[in-house]
Amino acid sequence: MILVWLIVILLVAGVLAGFAGRVNTLWPRVISLVAVSIDFVLSLILWSENSSRVQLFPQRKWIEQVDWTWIPRFGIHFHLAMDGLSLLLIVLTFLLGIMSVLISWKEIQKGVGFFHFNLMWILAGILGVFLAVDLFLFYFAWELMLVPMYFLIAIWGHERRIYAAVKFFLFTQLSGLLMLIAILTLYFTHHRETGVYSFEYKDLLGTVLTPHTAMLVMLGFFVAFAVKLPMFPFHTWLPDAHTEAPTAGSVILAGLLLKTGAYGMLRFVVPLFPDAAHAFAPVAMTLAVIGIVYGAVLAFGQTDLKRLVAYTSVSHLGFVLLGIFAWNELALQGALIGMIAHGISTGALFMLVGGLQERTHTREMDRLKGLWATVPVMSGTMLFFALASIGLPGLGDFVGEFLTLLGTYRVSIGLTLVAAIGILISTLYALKVIQRALHGPNTHEWSIPDLGARELLIMIPMMLILLWLGLYPQPVLRTFEPAMHKLQEYAKPHPVLTLNPSVRALSYNGRLPEIKGK
Amino acid sequence: MFHLVWLIPAFPIASFLVLAIFGTRLSKKAVPLFGVGSIALSAVVSILIMFRFLTSPPPGNHYTQILWTWVDVGGFKPQIAFYLDALSVLMTLVVTCVGFLIHLYSAEFMQEDEGYSRFFAYMNLFVASMCTLLLGNNLLLLFLGWEGVGLCSYLLIGFWYRDPANGLAARKAFIVTRVGDTAMTMGLFLLFDKLGTLQIQDLMHQALLHWAVGSPYAVAAALLLLGGAVGKSAQLPLQTWLPDAMAGPTPTSALIHAATMVTAGVYLIARTHILFSLAPSAQFAVAVVGAATLILAGFSALTQPDIKRILAYSTISQIGYMFLALGVGAWSAALFHFMTHAFFKALLFLGAGVIIESLHHEHNIFKMGGLRKELPLAFWTFLAAGCSLAGLPLITAGFYSKGLIIWDTWSSAQGSHVLWFAAVIGVLLTSLYTFRLIFVVFFGEVKTPVHKRPGLRMMVPCVILAVLSVVGGFLDTPPFLGGVHSFTDFMHLALPVMTEGPAGGMTEILSESFVTLAFLVGLYLAYFFYVQKREYAEKLTAPAIGKALHQFWLSDWGMDWLYERVFVRPIIWIARVDKQDFVDNIYSGMALLTEFCYRGVRKTETGRIRWYAAGIAAGSIIFVAIVLFL
Numbered sequence: 001m002i003l004v005w006l007i008v009i010l011l012v013a014g015v016l017a018g019f020a021g022r023v024n025t026l027w028p029r030v031i032s033l034v035a036v037s038i039d040f041v042l043s044l045i046l047w048s049e050n051s052s053r054v055q056l057f058p059q060r061k062w063i064e065q066v067d068w069t070w071i072p073r074f075g076i077h078f079h080l081a082m083d084g085l086s087l088l089l090i091v092l093t094f095l096l097g098i099m100s101v102l103i104s105w106k107e108i109q110k111g112v113g114f115f116h117f118n119l120m121w122i123l124a125g126i127l128g129v130f131l132a133v134d135l136f137l138f139y140f141a142w143e144l145m146l147v148p149m150y151f152l153i154a155i156w157g158h159e160r161r162i163y164a165a166v167k168f169f170l171f172t173q174l175s176g177l178l179m180l181i182a183i184l185t186l187y188f189t190h191h192r193e194t195g196v197y198s199f200e201y202k203d204l205l206g207t208v209l210t211p212h213t214a215m216l217v218m219l220g221f222f223v224a225f226a227v228k229l230p231m232f233p234f235h236t237w238l239p240d241a242h243t244e245a246p247t248a249g250s251v252i253l254a255g256l257l258l259k260t261g262a263y264g265m266l267r268f269v270v271p272l273f274p275d276a277a278h279a280f281a282p283v284a285m286t287l288a289v290i291g292i293v294y295g296a297v298l299a300f301g302q303t304d305l306k307r308l309v310a311y312t313s314v315s316h317l318g319f320v321l322l323g324i325f326a327w328n329e330l331a332l333q334g335a336l337i338g339m340i341a342h343g344i345s346t347g348a349l350f351m352l353v354g355g356l357q358e359r360t361h362t363r364e365m366d367r368l369k370g371l372w373a374t375v376p377v378m379s380g381t382m383l384f385f386a387l388a389s390i391g392l393p394g395l396g397d398f399v400g401e402f403l404t405l406l407g408t409y410r411v412s413i414g415l416t417l418v419a420a421i422g423i424l425i426s427t428l429y430a431l432k433v434i435q436r437a438l439h440g441p442n443t444h445e446w447s448i449p450d451l452g453a454r455e456l457l458i459m460i461p462m463m464l465i466l467l468w469l470g471l472y473p474q475p476v477l478r479t480f481e482p483a484m485h486k487l488q489e490y491a492k493p494h495p496v497l498t499l500n501p502s503v504r505a506l507s508y509n510g511r512l513p514e515i516k517g518k
Numbered sequence: 001m002f003h004l005v006w007l008i009p010a011f012p013i014a015s016f017l018v019l020a021i022f023g024t025r026l027s028k029k030a031v032p033l034f035g036v037g038s039i040a041l042s043a044v045v046s047i048l049i050m051f052r053f054l055t056s057p058p059p060g061n062h063y064t065q066i067l068w069t070w071v072d073v074g075g076f077k078p079q080i081a082f083y084l085d086a087l088s089v090l091m092t093l094v095v096t097c098v099g100f101l102i103h104l105y106s107a108e109f110m111q112e113d114e115g116y117s118r119f120f121a122y123m124n125l126f127v128a129s130m131c132t133l134l135l136g137n138n139l140l141l142l143f144l145g146w147e148g149v150g151l152c153s154y155l156l157i158g159f160w161y162r163d164p165a166n167g168l169a170a171r172k173a174f175i176v177t178r179v180g181d182t183a184m185t186m187g188l189f190l191l192f193d194k195l196g197t198l199q200i201q202d203l204m205h206q207a208l209l210h211w212a213v214g215s216p217y218a219v220a221a222a223l224l225l226l227g228g229a230v231g232k233s234a235q236l237p238l239q240t241w242l243p244d245a246m247a248g249p250t251p252t253s254a255l256i257h258a259a260t261m262v263t264a265g266v267y268l269i270a271r272t273h274i275l276f277s278l279a280p281s282a283q284f285a286v287a288v289v290g291a292a293t294l295i296l297a298g299f300s301a302l303t304q305p306d307i308k309r310i311l312a313y314s315t316i317s318q319i320g321y322m323f324l325a326l327g328v329g330a331w332s333a334a335l336f337h338f339m340t341h342a343f344f345k346a347l348l349f350l351g352a353g354v355i356i357e358s359l360h361h362e363h364n365i366f367k368m369g370g371l372r373k374e375l376p377l378a379f380w381t382f383l384a385a386g387c388s389l390a391g392l393p394l395i396t397a398g399f400y401s402k403g404l405i406i407w408d409t410w411s412s413a414q415g416s417h418v419l420w421f422a423a424v425i426g427v428l429l430t431s432l433y434t435f436r437l438i439f440v441v442f443f444g445e446v447k448t449p450v451h452k453r454p455g456l457r458m459m460v461p462c463v464i465l466a467v468l469s470v471v472g473g474f475l476d477t478p479p480f481l482g483g484v485h486s487f488t489d490f491m492h493l494a495l496p497v498m499t500e501g502p503a504g505g506m507t508e509i510l511s512e513s514f515v516t517l518a519f520l521v522g523l524y525l526a527y528f529f530y531v532q533k534r535e536y537a538e539k540l541t542a543p544a545i546g547k548a549l550h551q552f553w554l555s556d557w558g559m560d561w562l563y564e565r566v567f568v569r570p571i572i573w574i575a576r577v578d579k580q581d582f583v584d585n586i587y588s589g590m591a592l593l594t595e596f597c598y599r600g601v602r603k604t605e606t607g608r609i610r611w612y613a614a615g616i617a618a619g620s621i622i623f624v625a626i627v628l629f630l
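The listed protein sequences correspond, in order, to chains G and R. Every letter in the first sequence is one number past the one before it in the numbering used here, and letter 445, counting from 1, is 445. Every letter in the second sequence is one number past the one before it in the numbering used here, and letter 239, counting from 1, is 239.
Just so you know, nobody snuck in bad clues.
Below, a list of computed lysine to any residue pairs in the SDA-like style, where the Cα atoms sit at most 20 angstroms apart:
id, chain 1, residue 1, chain 2, residue 2
1, R, Lys77, G, Glu329
2, R, Lys579, G, Pro233
3, R, Lys579, G, Thr362
4, R, Lys77, G, Trp468
5, G, Lys369, R, Arg162
6, G, Lys486, G, Glu329
7, R, Lys28, G, Ala373
8, R, Lys29, R, Val460
9, R, Lys28, R, Ala40
10, R, Lys579, G, Glu159
11, R, Lys77, G, His485
12, R, Lys447, R, Glu538
13, R, Lys77, G, Leu471
14, R, Lys194, G, Leu417
15, R, Lys77, G, Arg478
16, R, Lys452, R, Gln111
17, R, Lys77, G, Gln474
18, G, Lys486, R, Asp72
19, R, Lys579, G, Gln435
20, G, Lys202, G, Trp70
21, R, Lys194, G, Ile413
22, R, Lys194, G, Glu329
It is worth saying that the hints were derived from the structure and are not from the lab.
All chains, full assembly: derive it from the sequences and hints.
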């Protein structure tokens with residue numbers, strides 16, 4: 001029941017904030033902040049309760065769940081459920097939600113009510129995505145995230161906001177439609193096999209498909225999630241959307257929306273279609289590695305600070321995709337830590353860039369230059385998060401990338417090497433940011449205020465979390481562990497995946513699909 | 001006593017945090033209190049641990065302190081744990097003690113700088129990372145320290161950030177060493193994949209169990225670790241960053257780029273010596289890299305006019321000796337040279353700092369001269385260190401440590417006469433460039449007047465290091481000079497004894513005589529060219545061949561030139577050309593195509609009934625035709 005409350009609080013707060021916006025600009029902010037904070041506390045309570053009974057996990061299917069019949073004729077349920085994976089992502093959602101409200105405190109001055117309405121509803125949509133285990137409900141939530149995000153970019157964005165918003169909408173919408181087709185195919189196939197109409201995740205897990213259909217249906221899901229992730233070559237919406245969105249929008253896009261893509265891969269693509277996914281794994285991993293290197297090179301080439309940070313996401317999410325398709329314990333745990341750490345470090349970088357833009361009215365690095373002397377605290381903070389994003393040991397991103405590569409090494413040495421070179425290229429862009437924006441002579445004679453109390457309140461916890469993830473990630477890993485074992489169990493039985501050096505994308509080796517254990 | 005080991009990195013970390021958070025608000029007096037005081041405390045703990053280690057060693061001569069489990073996933077279980085044995089105790093002791101002296105020196109040297117607290121914050125973070133590197137009981141924790149020292153090196157090289165040239169040097173250092181680190185991470189993946197642990201002692205044990213001598217896995221792993229080591233220790237082919245790293249404040253060069261961080265590669269190889277013993281070809285590669293580097297860097301040092309760059313090439317060259325020693329299995333000789341080198345090279349940099357400060361930041365040795373009378377204390381300490389570096393026989397530490405390496409290169413079963421010869425030539429070069437430096441800077445007439453004299457806090461560390469540069473060598477002497485073996489005996493608690501091969505007509509005393517001869521030839525040449533007949537030195541570079549060679553060595557054998565063209569420019573070019581991301585053209589193309597079709601179809605919407613009727617008729621005919629014929 002608490003799961004429903006988590007969502008309802010956000011939806012109601014959104015509506016209230018929308019109306020309160022007519023009174024003044026403070027109320028919507030306060031309402032949103034209180035609502036997300038309550039949710040955050042609730043999610044922490046859920047986490048702490050469950051970490052104490054961690055031994056019980058393997059026997060229990062879900063940590064929490066709510067299952068109401070919604071449209072019985074079509075087998076549609078309002079079914080929310082939570083395991084360790086969704087729990088961690090929900091905690092991250094609320095954390096970044098709070099930060100987004102705080103970071104918009106000064107930046108957003110027009111349409112405050114509607115802005116917060118959109119913010120709350122995006123968060124609610126994301127929550128729905130992380131919690132829904134009915135595929136119809138999942139699709140519903142997937143689309144629910146999209147529309148308010150579109151408004152957020154199109155109304156409160158920067159110069160090219162309409163272009164960016166439309167591009168974002170088209171990419172997500174078209175790929176979402178592919179997923180809808182895939183869901184319906186699965187739904188009807190399941191009906192043909194069992195005579196029962198059901199969108200239920202658990203029911204659909206056992207659906208037997210011919211290898212050919214399985215591959216096509218899997219690709220339907222895969223493309224939708226790959227666009228969101230984003231995977232090379234579907235990444236081109238991301239720099240535009242991230243750059244043009246207001247700071248809160250960029251934070252939510254990078255920190256959370258991208259993670260829904262990764263979540264979808266983990267929750268649906270591999271467990272629903274283990275054989276097809278494994279046949280496809282070499283392609284996915286290759287594209288992931290291309291994304292890692294290509295994203296880093298593109299980031300290095302940018303002169304717009306925000307665009308640079310946006311491209312780093314392409315690179316970092318490449319690691320997540322790589323970890324998911326390497327599909328062993330090390331790589332999966334690495335991907336998960338990577339998702340969370342990326343949400344924090346990149347989110348913080350977007351906030352800092354937003355703060356700089358607010359102060360200097362530019363994002364061009366050549367116009368910034370030599371800021372260290374005038375804003376030492378901000379510069380030091382930026383250095384910290386830039387170092388996190390190049391995978392400096394001791395900070396969260398390192399644990400994610402290292403575990404991912406450690407797991408990937410077992411599957412493919414070549415891809416591991418290329419990905420490791422990707423980390424090397426990440427050094428180039430991070431140092432470029434520091435050099436161009438912070439170091440050098442202050443030729444433009446900037447004299448701007450340093451981080452204020454509100455901004456420090458945002459930055460300090462995020463730094464502490466990255467340090468915590470980097471030095472003692474065990475609580476997070478332990479929370480995810482049972483969920484991961486469950487996911488791996490769904491994805492069985494299948495022969496141990498071995499990759500040939502030559503990528504055999506669409507060959508099944510005459511393997512018949514097997515009934516998956518439940 | 002040993003359980004206090006965690007304090008060694010903890011003090012500097014705490015001080016780093018204080019300085020990083022409250023640094024700008026602290027007074028000029030409070031900053032060194034934290035910055036220097038924390039290192040002093042670490043040094044005290046290290047000394048106590050060393051003392052305890054000598055008087056009542058722990059069982060098995062090693063001690064592990066586990067703080068917490070870092071990660072525990074699928075059999076991968078690295079811990080935050082510190083490991084004490086003779087190797088780590090010795091290196092930690094040198095790092096904290098030399099580090100303390102350099103911090104003390106910096107308290108005065110950096111006094112007038114606006115980034116006073118920032119400087120100490122970075123330096124403290126460095127010492128903490130370096131100690132973590134040395135004390136970590138697994139390769140992942142070692143790697144944490146490894147990257148940490150790299151970061152601090154980057155931050156300190158670019159410390160004076162207003163000058164973009166410093167930033168460039170800093171980035172170069174970070175990126176080049178990270179190239180090596182990429183190889184090293186691959187090595188870690190390989191080791192974990194094959195042996196299932198990264199805990200160093202377990203790893204070595206497993207390697208012995210599972211891999212035969214010469215096993216391809218052992219060779220691959222050793223070579224990958226060597227990749228990391230050559231990056232950090234500025235050996236061929238990744239040495240190009242170190243001379244540029246001299247852009248940082250001089251105490252930084254003394255601490256990071258001479259005494260401690262650059263020897264991390266030596267530590268890594270010594271720490272994983274069992275792996276290298278299992279991979280003779282990789283170990284031979286270590287020796288070859290060391291020998292080649294020591295010669296090449298020696299020639300480069302001969303041509304440099306910048307006092308700090310001479311010392312930088314000298315560092316590269318001396319670490320080459322340590323690599324050579326590691327490569328022939330003379331483990332303890334490598335560590336002996338590490339220790340004496342830490343003393344005299346730190347002092348040389350500190351002395352250079354004194355000179356540079358007192359001459360209005362002049363770096364060019366040819367604009368210096370006659371400083372012997374002007375800065376007598378600096379001269380005598382610098383001379384002591386210089387003699388130690390060049391290996392002045394009998395009384396300097398450098399003579400004993402280098403002589404030991406050179407003799408071991410001959411006498412070791414893995415050694416060879418060619419390597420021995422290279423090492424002796426290296427002595428000649430070292431002696432030549434060292435005395436070139438000393439004669440040009442301290443003798444002759446005064447060229448730039450001295451405007452500032454160093455105070456007590458700068459000279460006390462110099463004097464202490466000068467004493468150590470001399471007496472440090474008496475810990476281990478050849479049989480014909482007392483035959484003291486205390487250093488070697490101590491190292492053998494952690495490192496194996498070198499296997500000797502056939503001596504082939506050479507004796508230790510003969511080898512030392514050759515070393516002495518090489519030293520004297522170098523000294524004489526320096527005296528001849530830079531004191532007696534100074535014009536001859538210019539005549540050497542006058543002809544085209546001399547000029548070309550001079551230029552070639554000055555530019556570090558053209559390697560920067562090569563890397564610039566092979567790696568740097570292509571990457572920058574690609575990044576610039578593809579700034580707009582050509583993949584996006586596919587999607588823009590689709591958008592254009594849609595718009596094109598839309599315009600085409602729009603043309604048919606004319607509003608004329610005739611056209612519509614004709615269209616309907618044509619359409620019907622086509623459909624009927626399709627139905628009929630298909």
